[in-house]
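The sequence shown begins at 1 in the working numbering and counts up by one.
Be careful, since some hints might not be right.
Simulated pairs of lysine-lysine, DSSO-like, Cα-Cα distance not exceeding 27 Å [claimed, not checked]: (1) K395 x K451; (2) K451 x K336; (3) K371 x K336.
FYI, nobody ran anything at the bench for these hints, they're computed from the structure.
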Amino acid sequence: MPNSIQGRLFLSIITFTSLLFIAVGVFIYREVNEIVIGAVDRTLHSKAQVITGLLHEEDHTIELELEEVVSGEYSIPRSGHYFKVMMNGKLLAASPSLVNDSFDLGAGAPEPSAEELGEDISTSVGPAGEPIRVLRHDFSAFGMTFTVFVAESLSDSLDMISTFRRFLLLVIPSGIVIASLICLWIARQSLAPLAIFSGRIETITHKNLGERIDAESETSELAGLAGSFNRMLDRLQKVFESEKRLIADASHELKTPVSVIKVQCDVVLQRERTPEEYVDAIQTIRTVSDTISMTVRDLLSLARLDSGVFSQGFAVVSLNACLGRALEMTKPFAEKRHLQIIAALGDDVAIRGNSESLTEAFLNILENGVKYNRENGVLELTASGSGAQAVVSIKDTGVGIGKEDQARIFDRFYRADTARSSDGTGLGLSIAKAIIDAHGGAITLESEPGKGATFTVTLQVNRHATSFDSPC
């Protein structure tokens with residue numbers, strides 16, 4: 001079977017066309033054969049009726065008026081037109097064309113086609129060795145039993161059928177060849193729009209990813225494909241632009257600390273320094289290196305999330321255990337800012353996911369609440385399970401987020417203007433959202449400037465779990 005659509009279409013059409021041509025040819029041939037032979041049979045039947053009608057009884061003697069039938073074709077020896085009349089098994093009359101009166105016209109095996117008329121029709125061999133069609137008609141009259149044999153040569157009829165058969169053997173292959181060429185042309189014409197469509201697709205690269213296929217100008221069969229392809233391009237363009245923006249933002253984020261390290265090294269190397277100055281320079285480089293390390297770590301986390309590799313390690317985990325671990329890791333940072341942490345965890349629920357990733361997501365949200373909270377503020381964590389969903393709420397009393405910034409707060413490297421001076425890579429909330437999305441959950445934000453922010457995470461509960469695969 002060909003791999004190409006054009007090849008399969010052509011093969012299917014030509015197979016169907018060939019079978020159709022052959023079937024029609026066989027049907028027509030059989031019909032013509034029946035018509036020709038049927039015409040001979042009807043002629044024989046008519047002649048048998050004529051000969052039967054010429055029998056009569058006169059003075060108790062059965063007579064046959066031969067002068068009515070022996071003229072013309074029946075008078076020529078071996079003319080291909082014969083008859084014989086038998087009475088009580090004895091010869092009553094025979095056509096001169098037989099030459100030999102004893103020639104047996106009834107030697108052929110009878111066919112059942114005319115039994116209902118009291119007639120037998122058979123095919124045999126005539127006196128001249130030619131194929132003949134013989135009709136035998138048995139009847140009783142005048143107290144006697146009569147048998148009338150009427151025969152006609154099939155030579156002309158069979159020649160006609162043979163000629164027609166040769167005609168079909170010439171026409172059918174020729175018709176198949178012509179149909180094949182037409183089918184090939186139709187297949188190419190039908191698939192030409194697809195080739196043009198493919199050519200248009202080939203012209204779209206990363207350099208002109210914004211171009212789209214005009215679905216309205218395409219055929220109805222390709223319009224849907226063009227629409228699907230355009231939507232795929234939209235998704236690819238969004239991802240491509242996101243990656244470009246990520247690379248640009250990462251370069252920008254890394255450029256400053258790398259520049260600080262370079263400047264610090266240049267300053268230290270300009271002249272001899274005191275041990276204290278070397279220590280200060282090394283501490284500065286160490287601090288900046290920590291920033292670079294944190295940025296690279298977050299970028300690797302995003303890459304891991306984008307690849308979907310971590311989803312292979314999903315298991316049934318405890319939500320409260322993940323929240324508790326994230327809360328313990330947050331406490332040292334909260335204590336430095338004198339924040340009060342209020343935790344209200346409800347009944348534990350089972351979540352199908354990656355324990356380390358879930359802990360990281362909650363930790364990033366909690367650290368965000370610590371980072372942008374006010375001194376001596378409050379960080380509140382609540383969790384509850386209601387039916388098929390678990391809801392986690394993290395609320396802070398910090399600077400809040402404006403409406404114009406809330407739409408982009410989960411974008412990578414994005415920071416609201418009011419918090420640009422704060423430490424961090426700007427990737428924490430992006431990572432948290434990516435993790436929650438990968439677990440089939442959702443994260444929302446409610447905030448007003450100066451009134452803090454509330455992040456709400458919704459996750460699907462695994463209600464069929466009876467135990468935890470991992471305590472988190």
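Against the structure, the hints come out as follows:
no., hint, verdict
1, K395 x K451, "10 Å, holds"
2, K451 x K336, "22 Å, holds"
3, K371 x K336, "11 Å, holds"
Checked against the numbered hints above, the structure violates none of them.
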